[in-house]
Every structure is written in C-alpha cells, then in structure tokens.
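K.L.:
Listed in order, the protein sequences are those of chains S and H.
For the first sequence, our numbering assigns the number 1 to the initial residue and increments by one for each residue that follows.
For the second sequence, our numbering assigns the number 1 to the initial residue and increments by one for each residue that follows.
If you are wondering where the hints come from, they were derived from the structure by calculation, not from laboratory data.
The reader is advised that the hints may include incorrect statements.
Said to hold, decoys possible - Okay, derived cross-link-like pairs now, SDA-like style, lysine to any residue, Cα gap no bigger than 25 angstroms in a straight line: (1) Lys137/S x Gly216/H; (2) Lys161/S x Lys109/H; (3) Lys109/H x Val102/S; (4) Lys137/S x Asp124/S; (5) Lys109/H x Leu7/H; (6) Lys145/S x Thr64/H; (7) Lys136/S x Pro220/H; (8) Lys114/S x Ala289/H.
Stated by the list, open to error - If you want the ones that stay clear, here's a sample from chain S, every Cβ over 10 angstroms from chain H, calculated: (9) Glu103; (10) Gly109; (11) Pro117; (12) Ser243; (13) Ser266.
To be verified - A few chain S positions that, by computed beta-carbon distances, are all more than 10 angstroms from chain H: (14) Val18; (15) Glu23; (16) Pro79; (17) Arg88; (18) Val99; (19) Asp158; (20) Leu160; (21) Pro199; (22) Asp256; (23) Asp267; (24) Gly272.
Please read these numbers as outputs of a predicted model, since none were measured by experiment.
Where a beta carbon is used, it is the ideal one built from N, C-alpha and C, also for glycine.
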Amino acid sequence: MEAIKTKIEVTEKERLPVVSEREAVFEARDLAVYYGDQRAIDGVNLDIYQRLITAIIGPSGCGKSTFLRTLNRMNDLVPAARLTGQLRYRGIDLYGPGVDAVEVRRRVGMVFQKPNPFHSSIYDNVAYGLRILGMKKDLDERVEKALRAAALWDEVKDRLKDSALGLSGGQQQRLCIARAIAVEPEVVLFDEPASALDPISTSAIEDLMHELKRDYTLVIVTHNMQQAARVADMTAFFGLDVSPDGNRQGVLVEYDETEKIFTNPSDKRTEGYVTGRFG
Amino acid sequence: MDKKSVLERTRGRLDRIGDPALKAITFAAAALAVTVLGLIAFELVRGSRLAFHRFGLGFVTSQTWDAIHNQFGALSLIFGTAVTSILAIAIATPLAIAIALFLTELAPKPVRALLGALVEMLAAIPSVILGLWGILVLGPFVQNQLEPFLNSTLGFLPFFRGPHSGTGILTAILILTIMVVPIVASVTRELFATVPPELREGALALGATRWEMVRGVLLPAARPGIFAAVALGFGRAVGEAMAVLMVIGSQIGIHLSLFAHSDTLAARIAGQYNGSSTNLQTSSLVYLATILLVISLAVNIGAQLLIKPIDRRPRRRRIALDRAFEAQGLSAD
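Construct the entire structure; sequences and hints are all you get.
P.N.:
Below, the structure is given as structure tokens:
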C-alpha cells in the first residue's frame with residue numbers, strides 16, 4: 001500500500017521548550033525489567049518531561065508497555081517481575097524503600113487499551129477513585145469537572161446514574177480518562193488508548209490529550225505511528241535487541257523531539273521503522 | 001457451463017440431513033426437559049388429590065402430623081425447612097465468598113489449584129456420608145461443646161435455650177452449611193475468574209488497595225452471579241433429604257430454640273413414604289412434595305427475576321451464570 005511508505009506528517013505543535021527549560025518528571029537510568037529470567041527491557045535511559053506528551057513507539061514485544069507499567073508500578077502485580085537500575089519520580093527513587101505503590105498510582109494515573117469502566121453508574125465510576133482516596137468534599141463538582149475535562153459531560157450529564165456499560169466504546173474510554181484525572185494525578189499514562197476504538201473516537205481521544213497537556217504530563221504507548229506523530233511532543237522509539245545469550249529484549253533506540261524522530265532520525269533502525277521498511 | 005449448473009447441488013442427500021437432524025434432536029432434548037418437569041408436576045398434583053380434598057389449603061397452615069388420627073398438615077415442616085435452609089445459606093454465603101476471594105485473588109498459584117480441587121471435592125461427598133458423619137462426629141460435638149457454649153454466651157435469647165442434644169435444627173443447619181459452601185464457593189470462584197483483569201487493574205491504577213478493589217469493583221461486577229449462586233445453594237439446602245433426615249430428629253412442632261428436634265419437607269417425605277400406613281398419609285406426603293416443588297421453583301424463578309434486570313450488558317459473566325443456572329433465558333447474545 002502506498003500509505004505505508006509515505007512519510008508521516010508531523011502535526012504542527014506549539015513550540016517545545018528548549019532542552020534546558022524542560023523539567024523532568026521521570027528519570028530512568030540504566031533501567032532493566034525482568035519477568036523471571038526473561039529480560040523484557042534493558043539499559044533504558046530516558047527523561048520524561050513535565051506537561052509534554054511523550055509517545056513510546058516500536059514493534060510488538062519491544063517492551064513499550066512494560067516500560068509504561070514501571071512508571072506507576074503496575075508491574076508489581078506480576079509476581080515474578082523485578083527491576084534493576086533506577087527510576088526516579090521527581091527525584092525520588094520510585095522503587096526505593098518506603099515508597100508505597102498505592103501512593104504512586106494515585107499520582108500517576110493510567111488509561112488502558114480496552115475501556116474498562118466498572119460495573120456501576122457513570123457517576124460512581126468517576127467518583128470511585130475520589131471516594132477511596134477520601135476526596136469526598138465537593139464530590140459532585142469534582143465529578144463534573146473530570147467529566148468536562150474528558151469532554152464527556154455534555155453527553156452524559158442527563159444520565160449520570162445510568163450504567164457506564166451502556167456507553168459506546170469511545171465514551172467508555174473517555175469515562176476512563178475522566179476517572180483517571182478525577183483524582184488529580186500529575187501524570188496520566190495511556191496504554192494504546194485508542195487501539196480498540198473507531199477513527200472518530202480515536203480522534204476525540206487525541207484532541208482530548210492535547211487539552212489535557214495543559215495540566216498533566218502524558219505518556220502514551222501506541223502502535224500507531226500517525227497517532228504518535230499527531231499527538232506527541234517527544235517520541236521514544238523502542239526496538240528489539242538480541243543479546244549474546246539469546247535473550248530478546250526491548251531497548252531504547254532513539255529518543256528525541258517527535259518532529260526529528262519522524263523526519264530526520266539519527267538511527268537507521270528508527271528510520272526503517274518510521275518509514276515502514278521494518279517492524 | 002451455464003450459470004445454473006454452478007449452483008446445483010453437488011453433495012449427497014445424506015449431507016443435507018445434518019441441519020434438520022440437528023434441529024430436531026436439539027428441539028427434542030429441550031422439549032424433553034420441559035415435558036419431564038410437566039409430568040412430575042402433574043404426577044404430584046394427582047398423587048396429592050386425596051389429601052387436598054380432605055384438608056384443602058388448610059394443609060399448609062396446619063401444624064399437626066398425626067398418622068394415628070389421620071390428621072396431616074405441613075406448617076411445622078415448612079417452618080423446619082425454612083429455618084434450616086435460610087440459616088444454612090446465611091452462614092454459608094460469607095464463608096463461600098471468602099473462600100472464592102482467597103482462591104482467585106490472594107492465594108499463591110499452586111495453593112489455588114490444590115485448595116480449589118479440595119473445595120470442589122467437598123461437594124462430591126454423598127449426602128448420606130455427610131449424614132453419617134453428622135451422627136458420629138458433628139452431633140456429639142454440637143451436644144457437648146457447641147450448644148453449652150451458645151447457651152452460656154447467648155442464652156438470654158430464646159434461640160439458644162432448651163435441652164442439649166446432638167440431633168436437631170442446629171446440627172441440620174451445620175450439615176447443610178457444609179453441603180452448600182462448596183457449591184456457592186465454586187460458582188462464585190468462576191464468577192470472580194470471569195471478571196476481566198482490566199477491571200482489577202483499573203481500580204488498582206487509581207490507587208485502590210486490594211481490599212478496596214474487591215469491595216468496590218470485583219464484588220459489584222460479580223453481584224448478580226452471586227445472587228444466582230446463593231439461590232442455587234439455597235435450592236440445594238431446601239431439597240436435601242437424606243443428610244437432614246439423619247440429624248434433625250424428625251419431630252413435628254414449631255420451636256424457637258435451635259436446639260430442638262424438628263423436621264423438613266424433604267426429610268419427612270424420605271423418612272415416611274415407605275412406611276406410610278394409609279392412603280391419606282401417602283397422599284399427604286405427596287402434597288408435601290408438591291409444596292417442596294413449588295418452593296424450589298419459586299426460589300429459582302425469583303432468583304432469575306432478581307438477576308435479569310441487572311444483567312443487561314456484561315456478557316462474560318453470563319457464561320458462569322449459565323453454568324450455574326442452566327437457564328435458557330440468559331444466553332449470551
């Protein structure tokens with residue numbers, strides 16, 4: 001198909017702050033993640049900057065999601081997962097002693113690939129996190145604010161008590177975004193948030209990400225390079241590497257401003273991937 | 001080759017029997033199930049006609065069961081059935097949910113498989129063996145330990161007074177609890193297992209603790225199914241004859257005390273049918289069976305009505321529901 005080989009258009013965005021003015025939220029240093037004996041990612045050095053959208057792209061199995069899930073310690077739920085190297089969040093070692101994963105997750109929210117609304121009303125879905133975190137004051141206002149921020153308010157304001165499962169897939173995903181931002185996290189992680197949605201819903205989610213960027217730091221894993229080019233300020237390309245011992249692991253190949261990654265990558269592997277020659 | 005010949009039948013006649021045959025066989029099977037239920041109901045009504053002509057609906061509200069004077073009534077048995085099954089399911093439900101939670105959410109993987117198999121095995125114990133165990137082990141324990149303890153701690157309540165004995169309502173409740181727990185637990189476990197992992201992750205990603213996730217997400221998602229599981233267990237408790245017959249003491253009468261002898265519909269039918277001395281007594285026992293069938297069907301239908309309005313969209317858990325209920329109306333669309 002023609003489209004595969006054509007260059008990807010990078011959407012014009014506001015000027016990025018120069019490197020020295022960017023503030024790092026996450027700093028990964030020589031980060032490696034293991035599932036049992038299997039090394040999933042290795043040697044990742046990467047800074048994620050405040051109030052920018054960072055996209056993580058790469059072929060299947062290159063550890064994109066694994067990396068994303070280290071950022072809110074969701075990998076803790078996998079019994080055999082362990083981590084070496086360092087990951088700092090605002091200067092604090094995220095995996096250091098005394099750091100509570102539950103506390104991490106309230107600051108670093110997450111939106112999943114498949115919309116996963118709870119089996120309750122639209123209102124209760126958004127209020128869930130607020131309630132468990134004790135943010136019960138002005139609950140109605142907070143729920144409304146989150147739904148507005150997720151561009152869902154107008155569609156659901158008259159049926160807040162209806163089951164969330166009656167919403168369309170795209171609405172459910174925006175509900176999940178509302179749920180994540182209701183608890184006022186600093187970072188929101190998106191794990192292929194639009195891969196289960198139709199193009200119109202996808203576009204709604206992407207517009208929403210641009211809006212959310214004003215208040216939140218966003219990280220998005222995506223298979224869709226056009227999507228990365230459309231939404232992201234910074235793009236990290238992960239590739240697959242086979243080490244001498246035969247282990248296949250994900251490595252960070254290149255990390256730069258999105259424009260550069262898609263128009264003038266420094267690494268041949270990145271170029272091959274973004275132009276559709278491999279992967 | 002003209003167009004028509006391309007579309008002409010090429011396969012043999014036998015190949016074409018498949019579809020109508022499938023339809024006929026499956027329809028016959030479904031019809032058989034309905035027919036059997038109808039025949040049973042018909043037979044029960046016919047068999048209880050004699051008692052119905054004699055006692056009418058007053059049978060249901062009369063306490064007497066006197067074979068010598070030919071006076072029969074079901075109230076005391078309905079009471080015994082209700083008390084034993086309701087209390088058994090009340091004790092069993094939280095226990096079963098706890099077991100299911102432990103098995104799906106908390107236990108390490110190897111423990112899950114082993115313990116899960118053991119719990120299911122508990123359901124495989126023939127009820128007569130449980131009854132025997134009730135007589136030999138549980139009864140003496142109830143008489144010598146449990147009843148004195150309940151009497152000394154909660155004796156101010158009328159439920160825990162009276163002479164201690166190993167046979168009676170309390171022992172029957174405990175035996176029924178043991179029978180019902182594995183049923184409810186295994187169905188509930190299936191339900192929890194079918195709750196998508198993304199839901200759990202969604203809650204945890206919001207900063208929920210495991211308990212908050214269970215309470216706020218897992219239990220609500222499984223709730224309609226848990227209703228079904230409880231109804232299933234309740235139906236089992238209501239209908240259990242043998243184990244109850246062996247431990248309940250087979251006495252007519254309505255007592256507040258849980259230590260008292262009592263009897264249930266199912267146990268009375270099983271216990272007296274063969275030794276029945278008059279046609280009227282036999283007919284009265286069939287009348288009891290009719291009442292039992294009505295109660296069981298009512299529980300079943302009531303549970304389905306409870307579930308249906310809630311169970312509109314989520315499809316996955318219907319699989320477990322179907323398994324639990326073998327209901328035709330709940331098919332995943």
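K.L.:
Run every hint past the structure and note whether it holds.
P.N.:
Hint check results:
no.	hint	verdict
1	Lys137/S x Gly216/H	holds (19 angstroms)
2	Lys161/S x Lys109/H	violated (38 angstroms)
3	Lys109/H x Val102/S	holds (23 angstroms)
4	Lys137/S x Asp124/S	holds (15 angstroms)
5	Lys109/H x Leu7/H	violated (56 angstroms)
6	Lys145/S x Thr64/H	violated (67 angstroms)
7	Lys136/S x Pro220/H	holds (21 angstroms)
8	Lys114/S x Ala289/H	violated (51 angstroms)
9	Glu103	violated (7 angstroms)
10	Gly109	violated (7 angstroms)
11	Pro117	violated (8 angstroms)
12	Ser243	holds (29 angstroms)
13	Ser266	holds (34 angstroms)
14	Val18	holds (33 angstroms)
15	Glu23	holds (23 angstroms)
16	Pro79	violated (8 angstroms)
17	Arg88	holds (20 angstroms)
18	Val99	holds (13 angstroms)
19	Asp158	holds (19 angstroms)
20	Leu160	holds (17 angstroms)
21	Pro199	holds (23 angstroms)
22	Asp256	holds (29 angstroms)
23	Asp267	holds (32 angstroms)
24	Gly272	holds (33 angstroms)
This entry does not satisfy hints 2, 5, 6, 8, 9, 10, 11 and 16, going by the numbered hints stated previously.
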